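S.K.: Residue numbers (UniProt numbering), protein chains in the order written: chain E, 1 to 504; chain Y, 1 to 504; chain W, 1 to 504; chain G, 1 to 504.
Since the hints were made in silico from the structure, they are not lab data. Please note that a few of the clues may not be correct.
Said to hold, decoys possible - In silico lysine to any residue, SDA-like type, Cα no more than 20 Å apart, as pairs:
(1) Y:Lys236 x G:Thr380
(2) E:Lys70 x Y:Leu103
(3) Y:Lys236 x Y:Gln274
(4) Y:Lys191 x E:Glu66
(5) W:Lys87 x W:Thr177
(6) Y:Lys191 x E:Lys94
(7) W:Lys70 x G:Asp311
(8) G:Lys146 x W:Ile130
(9) G:Lys70 x W:Ile130
(10) Y:Lys176 x Y:Ser95
(11) E:Lys318 x Y:Pro73
(12) E:Lys70 x Y:Asn432
(13) Y:Lys191 x E:Arg278
(14) G:Lys318 x G:Ser332
(15) W:Lys318 x W:Asn432
(16) E:Lys110 x E:Pro181
(17) G:Lys100 x W:Thr177
(18) E:Lys94 x E:Glu66
(19) Y:Lys70 x E:Asn187
(20) G:Lys191 x G:Gly240
(21) Y:Lys483 x Y:Ser451
(22) E:Lys160 x E:Lys176
(23) Y:Lys87 x G:Ser285
(24) E:Lys87 x E:Asn187
(25) Y:Lys146 x E:Val133
This structure is a prediction, so every number in the text was calculated from the model and none was measured.
There are 4 protein chains.
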Amino acid sequence: MIPQPIICALRSSVTCWRQRSVLETALRLKALGFRTVCFRSTFAPGPVTSMEEILTRVVIPLPTYETREKSPPPPESNSVEFMHFYKSLEKEEKSQLLAKLSLDFGVDHKGVSELAGKLSDTQQRDLATILQVEDRLRYSLTPRYKQLLNHISRVEGGVKFLVDLRADLLEMISSKTNDSPHIRDLNGTLKSLLSEWFSVGLLRLERITWQSPCEILQKISQYEAVHPVRNWTDIKRRVGPYRRCYAFTHAAMPGEPLVVLHVALTESISDNIQSIVREFVTLDSEEDVNKVYTAVFYSISSTQAGLQGVDLGNVLIKRVVRELQSEFPHMSQFSSLSPIPGFSSWLLGLLSQHRKEGRMELLTDHEWREVADITNTTSTNTLDALRKLISTGEWTRSERLVHVLEGPFMRLCAWYLYGEKRRGYALNPVANFHLQNGATMWRLNWHADTSPRGVANSCGIMVNYRYFLQDTLSNSAAYMHNKSITATEQVLGLVSQFKKNSKL
Amino acid sequence: MIPQPIICALRSSVTCWRQRSVLETALRLKALGFRTVCFRSTFAPGPVTSMEEILTRVVIPLPTYETREKSPPPPESNSVEFMHFYKSLEKEEKSQLLAKLSLDFGVDHKGVSELAGKLSDTQQRDLATILQVEDRLRYSLTPRYKQLLNHISRVEGGVKFLVDLRADLLEMISSKTNDSPHIRDLNGTLKSLLSEWFSVGLLRLERITWQSPCEILQKISQYEAVHPVRNWTDIKRRVGPYRRCYAFTHAAMPGEPLVVLHVALTESISDNIQSIVREFVTLDSEEDVNKVYTAVFYSISSTQAGLQGVDLGNVLIKRVVRELQSEFPHMSQFSSLSPIPGFSSWLLGLLSQHRKEGRMELLTDHEWREVADITNTTSTNTLDALRKLISTGEWTRSERLVHVLEGPFMRLCAWYLYGEKRRGYALNPVANFHLQNGATMWRLNWHADTSPRGVANSCGIMVNYRYFLQDTLSNSAAYMHNKSITATEQVLGLVSQFKKNSKL
Amino acid sequence: MIPQPIICALRSSVTCWRQRSVLETALRLKALGFRTVCFRSTFAPGPVTSMEEILTRVVIPLPTYETREKSPPPPESNSVEFMHFYKSLEKEEKSQLLAKLSLDFGVDHKGVSELAGKLSDTQQRDLATILQVEDRLRYSLTPRYKQLLNHISRVEGGVKFLVDLRADLLEMISSKTNDSPHIRDLNGTLKSLLSEWFSVGLLRLERITWQSPCEILQKISQYEAVHPVRNWTDIKRRVGPYRRCYAFTHAAMPGEPLVVLHVALTESISDNIQSIVREFVTLDSEEDVNKVYTAVFYSISSTQAGLQGVDLGNVLIKRVVRELQSEFPHMSQFSSLSPIPGFSSWLLGLLSQHRKEGRMELLTDHEWREVADITNTTSTNTLDALRKLISTGEWTRSERLVHVLEGPFMRLCAWYLYGEKRRGYALNPVANFHLQNGATMWRLNWHADTSPRGVANSCGIMVNYRYFLQDTLSNSAAYMHNKSITATEQVLGLVSQFKKNSKL
Amino acid sequence: MIPQPIICALRSSVTCWRQRSVLETALRLKALGFRTVCFRSTFAPGPVTSMEEILTRVVIPLPTYETREKSPPPPESNSVEFMHFYKSLEKEEKSQLLAKLSLDFGVDHKGVSELAGKLSDTQQRDLATILQVEDRLRYSLTPRYKQLLNHISRVEGGVKFLVDLRADLLEMISSKTNDSPHIRDLNGTLKSLLSEWFSVGLLRLERITWQSPCEILQKISQYEAVHPVRNWTDIKRRVGPYRRCYAFTHAAMPGEPLVVLHVALTESISDNIQSIVREFVTLDSEEDVNKVYTAVFYSISSTQAGLQGVDLGNVLIKRVVRELQSEFPHMSQFSSLSPIPGFSSWLLGLLSQHRKEGRMELLTDHEWREVADITNTTSTNTLDALRKLISTGEWTRSERLVHVLEGPFMRLCAWYLYGEKRRGYALNPVANFHLQNGATMWRLNWHADTSPRGVANSCGIMVNYRYFLQDTLSNSAAYMHNKSITATEQVLGLVSQFKKNSKL
């Protein structure tokens, strides 16, 4: 039992903490086996003071290099207190807290500098001394807050807390709320810790079926961003016959899928997503192994914003390939059927720009004429009409337009995927992901996603990134080192048509 | 299928690899989904060359700071190859390999030194620059082999391999086979990686029962070092009624208990181990909750030499305390019943030394006379007789001797535990372990382990380290920072008797 | 592989079998390890012939009494063939088949009669002879088809097949399609077999949670007949905090809940179903043990029509009570909150009858006047107006009517539950179920189910059957032997009001 | 809580009950949710009275035919009380109790006789009436104790209790302690109930591995009667690579293997047991699928004496065959390697008999001469010398004798297996088991079990019963109906040699 006076003391500090969470913390600590819970009441005055006060208490100084192995870990209540305090804050306060944490509880720059000086002096000395100074230097480069992060990870729910905290950090940085070098440093430190904890050996591959816990299936439905799950019949089909659904989970975050891969088992590589997601498949039918030669990865979703940059998707695909090979030894084709987010808006942007510049080379003269004819416009406003048709998706209602536009849209899309770059790598994030994994840009598919969403995103075009297993390592290296993209003749043909037209 | 020529190529390189492991590797790689396995035959000439050759190929250079996020991981076969190569080596070759690895594939000292110089120059500059240089410096302090260790951990069986490799390292260091600064650095790097992977959030507490897999129970029997398990009836009792057995396991090493804690559930704190380990307890009797007020930790064993210094035992005790509290809410006493390894040999050493120096103060004059009387010796050779009796354990056969020696042995033992130090901490490793955890040195028990082993190790004395839950944190801090030991009046009384006698 | 000729032979018999199922059977048999599948082609001519033909082949004659232990079981394919044949039939054909089975493959009446004659002669003889003849008689009373049923139960999916077959039988009997004595005999035989297989020792109690397989939760949603589950949020709440959901499953029908009990954990006995089923409960809130004193069974559903008469619900309630007591040792109240299906239609029937007979005593004069007043009717058509209001449920829209009708509806309902009988037992099936279990008719609740369904079924009234654990055995015996109902003063008071009014 | 007075009352009845079990019962009943436990103290006087008293109370009368569906089950405490009472009895008392139960609580012979009379009169009447009277007759043939057995099966641990009770019954019958017709009737009733509960659909096939619970592996070691398990290394090998161990378990007896089958996976059909049980096999080696073409069933053990006559072994073999076929699709040979218990003693008996009768045809003249020569005996005492050598097993020490005796022992053994009968079926129980299952007597193996046990039982000979899957059904039927044995030429050749010699 928590003695009454202490509960009272807790209650008195509600100016800075939300009352609920104080009580929760107290109960929690009690559950953890602490008989007495003692918060110093001095952190009551106001949020700012309390932040400093709480950080000073919770983020204990690093032990000296000599005593680093002889220091007992701080009490678990430190971590629990920090977690509850952080959760009780508003968004802006969180940002303040993290700013303070990263600025005031980071590296001891003076100490580092001194050791660095020492090291540059030790050039002449023996290797043993150099190694020792290096090790001291390495230790002194540890930010003080790293210790806190480490301890939090050991508390129940701690890893999930840190994943979510990193999601907050990333949001601050990308929204420019706070992208100071210190915040970036904190982010870097946290990312490298998460990379350790989510290293492959600790991940568990789970096949999700209709017998999996409802909790997981509901989460997978919610997380599915690529082709949204409409209802439970829908999700039942996606884990039913001729489908596979795999997820990585982690011992420290039970029941939480981290990255999810949906696979269709087909005879040949699919060129249309509706045949996979919407097609009527009798749910109770049994799989005929003799119809399964191909695995089509039609959706891969990361569920934890805070694990950005921690490479899970790539590894999941590789593990799933192995899994499928052992289930279907004669399976010979592995390919994605991927969306092309951003193509439509890139296309609209291009059209705007060309309009301003008075250029018309995106379509051939013949194509412009046909569009003008169908849309009943004069050459001066055909481009405007086309832009409007694209942005509304109405071009898909005219069979003639669909026919005329297939050529130009396909070659434009090929260029978008193959030719548009950011820092030398593919601009399109899905392309970049699969190319990093070593896939080949294999086939663009017209009329592949006819849902409103598919038309709006990419004029209905989808693309297969194919995994030739014996080539992925070399492809990956070629892409990552030399930024060179492996593509098939179909894709390269479309690209060169585009180039010819655009006089590139 | 592996094409025949490649198998042949593999076979041709057997000069350095054991043939078996080459084939195994090949089959293994095939199982991992690699179609073609290609070892360069150039590493054939001889073991020394091949070591260099293999290390150069397998321990790839660190990416530059700029490209560190854009570098694809090396193929998994690198890690598998290194693992198989290492396992195929003889002990001495292993030592050579690790020496080479730590010396030639460590930190780039020149690069570090340059950056360090840069940092000592940047004193005046802005914080953002300092942070950036610090981050570069931190990166440059990464030994090249760390990357290899990281990749190995991701392969199936990799973590276990590294744990075993560290056991080899520790053995090299302690046996002075190889304790160069570089080997120590490699050991430090590996230890800090293992600490991450075996952090508490990733450990799973398992209660071991007679329903647990045979594989685990057999291992627990083998690992039990404190009170050896004699047969399967014995182990069955240790997981039966009024007993608990808990172990930590780890997701990356399934089926392998890492640290094992045996607990007896009793009414009061036990003063005798035979009542726990040998006592006849009907195996099918049901526990009576109303007889359970105390948990006696009577054995804790670490099973993995390679996890030395990674703090698991302390955490296991704390988790088990919580577990027991939730099962037995009225449980109020937690204590170890611990062996005192080394007491007898310390005592024999002391006697030898006193003999040389002609000192007799270990026993009182009265005690000496009694011993002389019983052993029928003259005062000149009583000490020798006593030494012999202790080293053979024969003193326990004489009731009179047992009676006479209780006083001196108990106070000597108290001093051994409380007063003998190594770098300021308790010399006895078991004492040091529990004191670090925050336990109190609670009671010395005469006649507590009457097995030959118990008599040989500690003259049959055992000690209780008691865990007062509300004090463990402060005790632990007091011990680790100030080296002060919390002990009861019984222990302190014995210690002061010893001091008085010895004129300390 | 099934040799081609045999497949052909199979195909040629499709006149009577559906082609699909022939192939299925063949594949199935192959899967069962049969190398060659051989159907005699003679059963091809037509359905009627084939029925006889198939039954003659499949329902093998009983061995003689002497050889009954020495007879090998018929091949498993017999059972599989019968199952596939039966499933391939249309409803009417099924009825024919079962009629034939029960008539021509039942008891050998002549044999029985002879043995019976022998037995009545043996009066004088010794007990050993009598016992022997009795045993022969018992054996001869076994219908030949019982052996088939037994063998079917041993095939995978066989038990479920028989449960469904019995559902068909019950439907034939209740719809008078076929209720010959032979069909009833078949039904009786099957029921007693099912009772054996679904005996309590073989049932497994499962607590259903949000972590249970989706498959089970979906089935439980479908089966919930009492308060239909509207969506997945709804079912999530019914397995969430302050709720329990238990089901019996059976080893021979994995993944199939047989009977499902929904429980609400409350402070006191609920008088309203919406507070349980619709109330907003934050799904993530944790249960406070100190708010749980009562278990309210608010829904119990049998899922298998074919298990009618096999007592599962009663046993489930008892098991759940034990389970809850061990989870909440201080739980002290157990009660249902039950619907009263049939009350409204019984009431409407009564009104019609009274109208014909010109009787008005269902309501008091005062009540009639108030109703007339509110409905603005003359005394002659008030009764008609009332009937219409009840049958449309519109009376609930008038606060005044609701107020006026509470008295009469409550006493009528009490009578319906307590006084209306069928063969001496409560007419209302839900009442009969709980009274058989030994519950007390504890409280009628006005305004307890305000859903349209609740108003339509029972004018919104619900009833609590309360389980006083120490009395259930005696209550049950009193009800089943003496047909006497235990009820509280509230119920008895309402009943006597009704009687007084009705001059009963 | 059980009120003190009742505990006292319980204690007062210890004259007939063992005190422990009374208390146990009380606690047990309390655990079952009974608030008050009330034993009538009148059954105290003495064991005999108490038996009657307790049976009268516990074995309640059958409901009448009319009310049989309306009768509540008796309280569970009845069953629990009976179980505890029975367990508290000495062996002899148990026999008394069962005698009383079977005699006084069996069938109502008078009622049966009346109904039988009625039935023989109803010859002329309509079928409906006949069916009805038959059903009544069937019901009246139910022994009153059957109801008790049924209820016991529903209590936790009840099924196991009944299995053990039947083992007691069988022991009484076979030891002639009590083999009255009534006891046989009770045994028959219990057997048919057990057959229902242990019907195949309710059995679970478990593969036992080194990961299985220790509890199960220990039991399997204990139960292994064919080739005793010597230690845990031994059992580890029997569940390791190239071995399989399967067991049936039952939902109502968790953790209890009912029948256990050990299989060796080999290239060809083994002719020697030591190569399977003793051979050094590296335990960690992995199975090479390409070396597995044959499954050798080298041990099958039933573990529950009380399930005698309930056919589990046959079904287990068939299930295991299917299991193995799906794991090793190219597996083509299935065979036992079986002991021949009883051959040596049969042979010794035969020799004694021939000696008395002065016949010498068991061996040829030539063989006798060789034996005489080797044993250095005159023709008159050669037979005695041979008998002695066989009974001591010493003949195996002389290579020459082993060589000479191979011929005669093999043909004698062939005859023993093939020609010696009991009621027309094979005398040897192992032969009878496999022949019933439809196996072929395939090969006799000389020098197949060279352990002392093997020599003592069957002169070291073992036999393969081979399962040709396509023939087992017809073989089984031929054996069970016509008592004809399928055997190979090797066996038949040996048999005809025997016949020729013996002039049969």
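S.K.: For every hint, state whether the structure bears it out.
M.R.: These are the hints, each one checked on the structure:
1. Y:Lys236 x G:Thr380: violated, 59 Å
2. E:Lys70 x Y:Leu103: violated, 28 Å
3. Y:Lys236 x Y:Gln274: holds, 16 Å
4. Y:Lys191 x E:Glu66: holds, 16 Å
5. W:Lys87 x W:Thr177: Measuring from Cα to Cα gives roughly 19 Å; hence the hint holds.
6. Y:Lys191 x E:Lys94: violated, 34 Å
7. W:Lys70 x G:Asp311: Answer holds: lysine 70 (chain W) to aspartate 311 (chain G) is near 11 Å, not above 20 Å.
8. G:Lys146 x W:Ile130: Holds. Lysine 146 (chain G) to isoleucine 130 (chain W) sits at ~18 Å (cutoff 20 Å).
9. G:Lys70 x W:Ile130: Outside the cut-off at roughly 31 Å; violated.
10. Y:Lys176 x Y:Ser95: Distance of about 11 Å is within 20 Å: holds.
11. E:Lys318 x Y:Pro73: holds, 13 Å
12. E:Lys70 x Y:Asn432: Satisfied, since the Cα-Cα distance of roughly 11 Å is no more than 20 Å.
13. Y:Lys191 x E:Arg278: Violated: lysine 191 (chain Y) and arginine 278 (chain E) sit about 52 Å apart, past 20 Å.
14. G:Lys318 x G:Ser332: Measuring from Cα to Cα gives roughly 14 Å; hence the hint holds.
15. W:Lys318 x W:Asn432: holds, 17 Å
16. E:Lys110 x E:Pro181: Measuring from Cα to Cα gives roughly 18 Å; hence the hint holds.
17. G:Lys100 x W:Thr177: Cα-Cα ~49 Å, so violated.
18. E:Lys94 x E:Glu66: Answer violated: lysine 94 (chain E) to glutamate 66 (chain E) is near 35 Å, above 20 Å.
19. Y:Lys70 x E:Asn187: Holds - the C-alpha atoms of asparagine 187 (chain E) and lysine 70 (chain Y) are around 18 Å apart, at most 20 Å.
20. G:Lys191 x G:Gly240: violated, 36 Å
21. Y:Lys483 x Y:Ser451: Answer violated: lysine 483 (chain Y) to serine 451 (chain Y) is near 33 Å, above 20 Å.
22. E:Lys160 x E:Lys176: Cα-Cα ~24 Å, so violated.
23. Y:Lys87 x G:Ser285: Roughly 16 Å between the alpha carbons, so the hint for lysine 87 (chain Y) and serine 285 (chain G) holds.
24. E:Lys87 x E:Asn187: Holds: lysine 87 (chain E) and asparagine 187 (chain E) sit about 18 Å apart, inside 20 Å.
25. Y:Lys146 x E:Val133: holds, 19 Å
The structure shown violates the earlier hints numbered 1, 2, 6, 9, 13, 17, 18, 20, 21 and 22.
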